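**Student:** One letter stands for each residue in the lines below.
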Amino acid sequence: MANWVPLWLHRLGSPPLFYRFAGAVRPWALGLALVLGAVALYGGLVVAPADYQQGDAYRIIFIHVPSAWMSLFIYGAMAVAAFIGLVWRIKIAEVVAMESAPVGAAFTLITLVTGSLWGKPMWGTWWTWDARLTSELVLLFIYLGIVGLYHSFEDRRQGARAASFLVLVGAVNVPIVHFSVNWWNTLHQGSTVRLLGPSHIEASMLWPLLTMMLATKCYYVASLFARVRADLIASEGGKAWVRDIALGQPGNDAA
Amino acid sequence: MSQFFAMGGYASFVWPAFAAFFIVLLIDSLAPLARRRRNLRDLRARLARQENRRRPGTPPSNESNA
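Going line by line, the protein sequences match chains A and B. Numbering follows our numbering, with no gaps: position 198 of the first sequence is 198. Numbering follows our numbering, with no gaps: position 53 of the second sequence is 53.
The set of hints was computed from the structure by calculation and includes no laboratory data. Please read these numbers as outputs of a predicted model, since none were measured by experiment. Treat the hints with care, since some could be wrong.
Taking CB as the label site, the calculated pair distances span [unchecked claim]:
#, chain 1, residue 1, chain 2, residue 2, range
1, B, Gln50, A, Trp126, 53 to 59 Å
2, B, Gly8, A, Arg157, 50 to 56 Å
3, A, Gln54, B, Arg41, 47 to 53 Å
Sample of chain A residues at the chain B side, in silico, Cβ under 7 Å [stated by the list, open to error]:
#, residue
4, Val25
5, Gly55
6, Ala57
7, Arg59
8, Ile110
9, Pro121
10, Arg227
11, Ala246
Positions of the beta carbon are idealized from the N, C-alpha and C atoms, including for glycine.
Turn these sequences into a full structure, and let the hints guide you.
**Tutor:** Now the structure itself:
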């Protein structure tokens with residue numbers, strides 16, 4: 001049994017160690033996101049052929065679908081972190097949950113905007129109150145509610161606990177978003193890419209989509225870690241290790 | 001090249017969508033960097049004030065680079 005794994009995870013619960021870990025990982029995650037994103041954009045905009053029915057308009061899929069996946073994936077990650085934070089009161093888990101919410105909100109906003117820009121030429125309308133679109137809009141409001149609730153408390157940890165409950169309650173919306181296209185008759189199409197069974201998409205269109213999915217995952221890590229570092233400077237401001245960073249080497253400041 | 005930018009007549013939908021993607025993510029990635037720098041500056045100012053209260057008359061040396 002490799003017991004160094006739980007030990008390592010346990011040590012990452014220490015704010016100074018996580019701060020340094022996040023600072024070391026962030027540039028690599030961001031670099032990987034940029035490289036993968038550039039490759040995916042080239043594949044999606046240049047290499048992949050036009051759709052037989054939608055022409056070139058379908059190319060919005062290469063940002064719309066990965067963003068939509070991220071809007072749900074980040075909620076899942078946030079819910080796990082919020083649960084750990086509530087049960088074991090691990091401060092880092094609370095911070096990770098709270099700082100995930102703005103990134104999730106960003107991806108949800110992108111999903112809604114790009115979907116709207118795709119809907120106008122294909123459906124003839126910018127917006128319709130159907131199940132998929134409405135539940136995704138509710139997801140955005142839940143994200144914004146979490147951010148707002150967290151910042152409305154004077155005491156950060158109290159705010160994180162209250163907002164973590166909201167995270168867990170709001171999690172019921174995630175399966176609703178995902179299955180809305182199956183449960184209701186909607187204007188929105190069903191899933192094209194499936195984990196189980198064959199995907200309904202050509203390989204030349206599938207690989208840029210999956211590459212962009214990886215790029216957005218890496219981007220989430222980079223953005224989350226930058227946010228956690230900013231949060232820890234404020235919430236751990238009274239601790240000696242943060243004071244050392246604030247007053248110490250100017251090289252630390254630029255990192 | 002101009003054919004590429006025309007996007008088969010859908011340019012006015014495809015390019016704003018990609019622009020939205022990049023603008024939102026650019027704001028999302030710059031905001032925490034600015035917030036971290038601001039938090040560090042606030043902390044330095046607070047520490048300097050505490051130092052000044054403990055030993056009045058000392059010049060607030062920490063605020064020079066704040």
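**Student:** Take the hints in turn and mark each one as holding or not.
**Tutor:** For each hint, the structure was consulted:
A beta carbon spacing of about 54 Å between Gln50/B and Trp126/A agrees with the range 53 to 59 Å that was offered as a hint. The hint said 50 to 56 Å for the Cβ distance between Gly8/B and Arg157/A, and at roughly 53 Å that hint holds. Between Gln54/A and Arg41/B the beta carbon distance is about 50 Å. The supplied range of 47 to 53 Å therefore holds. At a threshold of 7 Å, the smallest CB-CB gap from Val25/A to chain B is about 14 Å, leaving the interface hint violated.
Proximity of Gly55/A to chain B holds as hinted, the smallest CB-CB distance being about 4 Å (cut-off 7 Å). The interface hint given for Ala57/A is met, as the beta carbon of that residue sits about 4 Å from the closest beta carbon of chain B, less than 7 Å. Annotation: Arg59/A was flagged as interfacial toward chain B, and the flag holds, the nearest CB pair being 6 Å apart, inside 7 Å. For Ile110/A, the suggested interface contact is upheld, since its CB lies about 5 Å from the closest CB of chain B, less than 7 Å.
Annotation: Pro121/A was flagged as interfacial toward chain B, and the flag holds, the nearest CB pair being 5 Å apart, inside 7 Å. With 7 Å as the threshold, the beta carbon of Arg227/A comes within range of chain B, its nearest partner Cβ sitting at about 4 Å, so the hint holds. Residue-level restraint check for Ala246/A holds (minimum Cβ-Cβ distance to chain B is 5 Å; threshold 7 Å).
The structure does not agree with numbered hint 4 stated previously, though it agrees with all others.
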